[in-house]
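Student: Listed here are the chains, written in short residue letters.
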Amino acid sequence: MQEIRRKFVIPGDTIVEGNVRPLLNAHRSGNSIISSRIGIAEVARDGAKVIPLSGVYIPRVNDIVIGKIKDHSSLSWDVDICSCFSAHLPAQDLFGRDFSPARDDMNRQLSVGDIICARISTFDRTRDPILTVQDKDLGKIPFGELLRISATRVPRLIGKRGSMIQTIESATSTRITIGQNGLIVVSGKNKDGIELAIRAIHMVEEEAHTSNLTQRIRQLLNVPDEQQEGSTNRDDVVQEAVDEPRADVLANNERANGDESNAEDGNYSK
Amino acid sequence: MTQARSLIDEGGKRTDGRTANELRDINIKVGVVKNADGSALIEFGKNKIVVGVYGPREVHPKHMAQTDRCILRCRYHMTPFSTDTRKNPAPSRREVEISKVIRESLEPALMLEDYPRATIDVYIEVLQADGGSRCAGITAASVALADAGINMRDIVSACAAGKVDEKIVLDINDTEDKEGGADMPVAFMPNLKQITLLQLDGRLDKDQFNACLKEAISGCERVYEIQRASLMQKYFGNEPELKNGN
Chain A
1 MQEIRRKFVI PGDTIVEGNV RPLLNAHRSG NSIISSRIGI AEVARDGAKV IPLSGVYIPR
61 VNDIVIGKIK DHSSLSWDVD ICSCFSAHLP AQDLFGRDFS PARDDMNRQL SVGDIICARI
121 STFDRTRDPI LTVQDKDLGK IPFGELLRIS ATRVPRLIGK RGSMIQTIES ATSTRITIGQ
181 NGLIVVSGKN KDGIELAIRA IHMVEEEAHT SNLTQRIRQL LNVPDEQQEG STNRDDVVQE
241 AVDEPRADVL ANNERANGDE SNAEDGNYSK
Chain B
1 MTQARSLIDE GGKRTDGRTA NELRDINIKV GVVKNADGSA LIEFGKNKIV VGVYGPREVH
61 PKHMAQTDRC ILRCRYHMTP FSTDTRKNPA PSRREVEISK VIRESLEPAL MLEDYPRATI
121 DVYIEVLQAD GGSRCAGITA ASVALADAGI NMRDIVSACA AGKVDEKIVL DINDTEDKEG
181 GADMPVAFMP NLKQITLLQL DGRLDKDQFN ACLKEAISGC ERVYEIQRAS LMQKYFGNEP
241 ELKNGN
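In order, the protein sequences belong to chains A and B. Position one of the first sequence corresponds to residue 1 (the working numbering), numbered consecutively onward. Position one of the second sequence corresponds to residue 1 (the working numbering), numbered consecutively onward.
What the hints contain is simulated information worked out from the structure, not anything from laboratory work. There could be a bad hint or two in this list.
[To be verified] 25 Å max Cα-Cα, derived PhoX-like pairs, lysine-lysine:
id : chain 1 : residue 1 : chain 2 : residue 2
1  : A       : Lys70     : B       : Lys234
2  : B       : Lys62     : B       : Lys29
3  : B       : Lys178    : B       : Lys29
4  : A       : Lys68     : B       : Lys178
5  : B       : Lys48     : A       : Lys68
6  : B       : Lys167    : B       : Lys100
7  : B       : Lys34     : B       : Lys48
8  : B       : Lys178    : A       : Lys7
9  : B       : Lys46     : B       : Lys29
10 : B       : Lys46     : A       : Lys7
11 : A       : Lys70     : A       : Lys7
12 : B       : Lys234    : B       : Lys178
13 : A       : Lys140    : A       : Lys189
14 : A       : Lys140    : A       : Lys191
15 : B       : Lys48     : A       : Lys7
[Said to hold, decoys possible] Beyond 10 Å from chain A on every Cβ pair, some chain B residues (computed):
id : residue
16 : Thr19
17 : Asn21
18 : Ile26
19 : Lys29
20 : Thr67
21 : Arg153
Even glycine gets a Cβ: it sits at the ideal position worked out from N, Cα and C.
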């Protein structure tokens, strides 16, 4: 098991000195690795990184995001993904390769104001993100309550191997779709359940890096405590708070596919 | 012609009772504007300034966007009730200039190249002014930028020093600014040990200049500790150290 050292940092703080690779939100200055964000710095064998606690969503290829259609051109829809970049969903993605702007009415598939769940297929610093809905569980979200939390809180909301979101879903009989960009859709038949789930989600957002959050969520949802799952010490909380979003998406997808056996991937078995 | 009054008494105390190298009371509260991406309220003596940071976000008008980097826009504005006599809310020459120098003092600390085609907007609203509001504005803006989660090389701290009654003093207030001999606002990145703003209003000889700069930098370092504590308090509460876990 490799040793990971953690500490709280703000921009400009030295994380570590020496021959260490700067990874996420860290940069080298002379012989030191410096933090560029507020967050929890981690130094492991592969390098030093900072898990940020604030900031807007910056798209990454393969992220699952929830967006709102805000306009369309003759070839694509413009999608607001709550980022500094506006995303585009090509019309061919929904109409197929024989899409013709002259023949096909784009409003037939998606109109302004619709909410979609999509994956980022292409993005780099020279062009805006391109979305795709060609995957399982992607496409238009027809109903549900839409809410927004900070993108940095998404890993905490999902929890270790999807534990937090599973707890909320099962206790409130709802289905919760989470985008990496911080947009969330809560759907279900029971109105009270949806309200309770929204309260729990906001509680996770506000108290993301505090101790005993899992216990308090269980209390809110009236779920009996399970000793082995309750995060009662600070290290567990931090571990859950700092898990990488990419791993959470994987965990979430695995959870959605009902494949629990592969959930414990490398990112969780530190 | 009126006789200039003495701004430092026989005991070495200044008009507000401080010693030569004493800062005014500084209090910074982070995250005060709910709708902003990052914000801070600073009380720097009698100065009260609220800063809101929005972004990175899409640039409007679009032609202002830079393809290789983010643009930083700052607005320093004094509210009509911030001074003794009402201030016209329209941007004055002084406010336009201070907005520019604040932008230039913050830019070296920001990794603007990380957000191409975007903008970061910083709104600095002076609620109550008492000399040194540009330094207080820079200090609060830097905290608000860190709160907004923007990639930064370092926090920028700012503090003024100056000459009053031929003595070098730290953190000039409004009376000393108007009646004193010189005022030198300095913005400084304490970890990188780099100056991002250096202005001087008044006359200093070479020794006085060096002493003044040294005093201002020591003030910036003390301001940095307060900035750091306020950010730590907001994000990590009363637990400054993280127990090493694996």
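Student: Under the constraints set out in the numbered hints, which ones does this structure not fulfil?
Tutor: 1, 2, 3, 4, 5, 6, 8, 10, 11, 12, 15, 20 and 21
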